[in-house]
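Chemist: As a plain string of letters, each chain reads:
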Amino acid sequence: MVERRRLGNIVPHLVLWIGIAIVAFPVYLAFVASTYDATTIANGQMGLAPGPLFLENYYRAIFVGTSRSTREPVGTMMLNSFVMAMGIAVGKIAISILSAYAIVYFKFPFRMTAFWIIFITLMLPVEVRIYPTYKIVADLGLLDTYAGLIVPLIASATGTLLFRQFFMTIPDELVEASKIDGAGFFRFFKDTVLPLSITTMAALFVIQFIYGWNQYLWPLLITTKDSMQTIVIGIKKMIVTQDALTEWQLAMATAVLAMLPPVAVVILMQRLFVKGLVETEK
Amino acid sequence: MASVTLESVRKVYAGNVEAVKGVSLDIADGSFCVLVGPSGCGKSTLLRMIAGLETITAGKIRIGDRIVNDIEPAERDIAMVFQNYALYPHMNVYDNMAYGLRNRGTPKPEIDKRVREAARILAIEPFLDRKPRQLSGGQRQRVAMGRAIVRKPQVFLFDEPLSNLDAKLRVQMRVEIKRLQRALGVTSVYVTHDQVEAMTLSDKLVVMNHGVIEQIGTPSDVYRRPQTRFVATFIGSPPMNIMEGIVEGPNLVSVGGSLLPVADMRADLKADTRIHVGIRPEDVRVVEDGGTAFRIDVDFIEELGATQLFHGKIAGDEFVLQAPTGLIAASARQLALTVDATNVHLFDRETGQRLGQVDP
Ligand SMILES: Nc1ncnc2c1ncn2[C@@H]1O[C@H](COP(=O)(O)OP(=O)(O)O)[C@@H](O)[C@H]1O
Ligand SMILES: [Mg+2]
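Those sequence lines, one after another, are chains L and A. So the first sequence is numbered by my numbering: it starts at 1 and just counts up by one. So the second sequence is numbered by my numbering: it starts at 1001 and just counts up by one.
A couple of the hints might just be wrong.
Said to hold, decoys possible - Below, simulated DSBU-like cross-link-like pairs (lysine-lysine); rule was C-alpha separation at most 35 Å, straight line:
#	chain 1	residue 1	chain 2	residue 2
1	L	K179	A	K1060
2	A	K1313	L	K179
3	A	K1131	L	K107
No wet-lab data here; the hints were simulated from the structure.
Using the sequences plus the hints, can you model the full thing?
Modeler: Printed below as a string of structure tokens:
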């Protein structure tokens, strides 16, 4: 009995570790590559242990940049990506919580129509509407600006839907108790709906921050200046077509750095997430 | 404090559902009025119209001498206790009670004084810092009451506030609500489907069915002289026995061939009219086989501890008799019964209206 139990524990663990190895190994290799010099990597002499140039490579990546292709240092790209991801995440949460609040708590004509229109846009990802969106952003003179990067990606059916589902679980009596307690719709939103939504907001923030951080096609289209490019675009530009010219150690260092903010967001938000779950549980 | 007056109040929901069909009611200042009726009879709707949570389709509602039809809930000077308590889950007990006062701009020291006072009255002082989820059902119920008390409203409104509690706590809280209402003297309207709650709490009992008031009266009025067959069977447990009967003459009916004298009987009832005869299970006595006795055949006995219920039949109609345990031999197969003329109730077979003298 005990034997079988132990075997039963070992097998899933084994599977789990194999899975982790498959996912983590390329990431580890990228890290290793970021600690050698370009020639060692190009000659295929790189080992499995980290090399000696960790500090030097990361210093160059963050503050100096590559010598060819894009010369922007990672610092600027990180900032651009961060502003964009933050803007998208915060903007999406703000817009979708408000529209969900309107749809759930206000009775107005064509309420459900509005809801369905929002719902239908779920089926239209950025890529589908990319040409008209580009045209509008260009006409507004928003190319190479943060607003141009952020605003078109803010409207969010997913967020609205998520908040709507959550609001539907708030008992009607709570709304009524608020009314009797003299809280109008704004106060009810601020004092009751917002605090209760923290968990949902944290979840949405994590998802949308990563979504914003990983944007590729849209920033590629609307940013032309190096100073406005995001880190994802930066990495792409560092990898030039002639393999020998690519400063692999810097590209890899940049890639490793690019992974850190999303990881940080997940870790930070996870705490809030769990805290929120515990605190608002009815 | 204030009285509450309803004048031909109606409520029609979307889809032409008429939930309240013209209700008029006077609730005296400081009294405890209970609306009781089966689920779906419109009692919550009526209460919510008084609270201002539902619009009033027609009619007038007055609180004190103000017509409140178009006044916001917060301006009506009422407080409401909900069945599921409706406490703010993210606020602690103190804030739950203080919230309404803060919204009205009550000064801080005053809020603090009132909240602590209410907490003391309700014995929830040790929990002021807790969140609702850290409280038991009974404690949550107290917090909900506290939230109502601190507002010092003109009227308390309760919508089945005890339904989510277990039986023992329900009895305990029932007594407390009554005591509190007495002490504060605030006009209260209390909705319940539980007739025991209704009987024990009310100064004025309002029995509703299908959106109309069936009877208004003191609990003993309603119990002693039910005005309709519905009230007769709804109030009282076990419910009143209803049997087929025939008018034999002035103040005399027959049930299953036995004659029963009736004290309260309309004078114009013609002999041979078929009617419904109601007798409460606790109003019959077993007698040695005598002249005026009527008989039931016992099917089975239910033990309630202090009393026993004898289930039987009389001329095809179900009949239940309640008697103190041991008074009647459990082996009895047939019982001869008698009932006081004052405890026989007559009802119209079609309309269910009481066929008694117009005013006793
Ligand atoms: N918002 C609503 N829309 C439509 N019908 C409703 C609504 N609320 C209640 N009703 C109907 O009105 C009737 C009375 O409901 P309610 O007052 O809640 O009854 P009770 O509290 O006596 O159980 C019921 O038939 C119910 O289905
Ligand atoms: Mg109800």
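Chemist: Does each hint fit the structure? Answer for all of them.
Modeler: Now the hints, each set against the structure:
1. L/K179 - A/K1060: With a Cα-Cα distance of about 21 Å, the restraint between L/K179 and A/K1060 holds, given a limit of 35 Å.
2. A/K1313 - L/K179: This hinted pair is violated, its Cα atoms lying about 54 Å apart.
3. A/K1131 - L/K107: Between A/K1131 and L/K107 the Cα gap is close to 32 Å, so the pair holds against 35 Å.
Hint compliance for this structure: hint 2 alone is broken.
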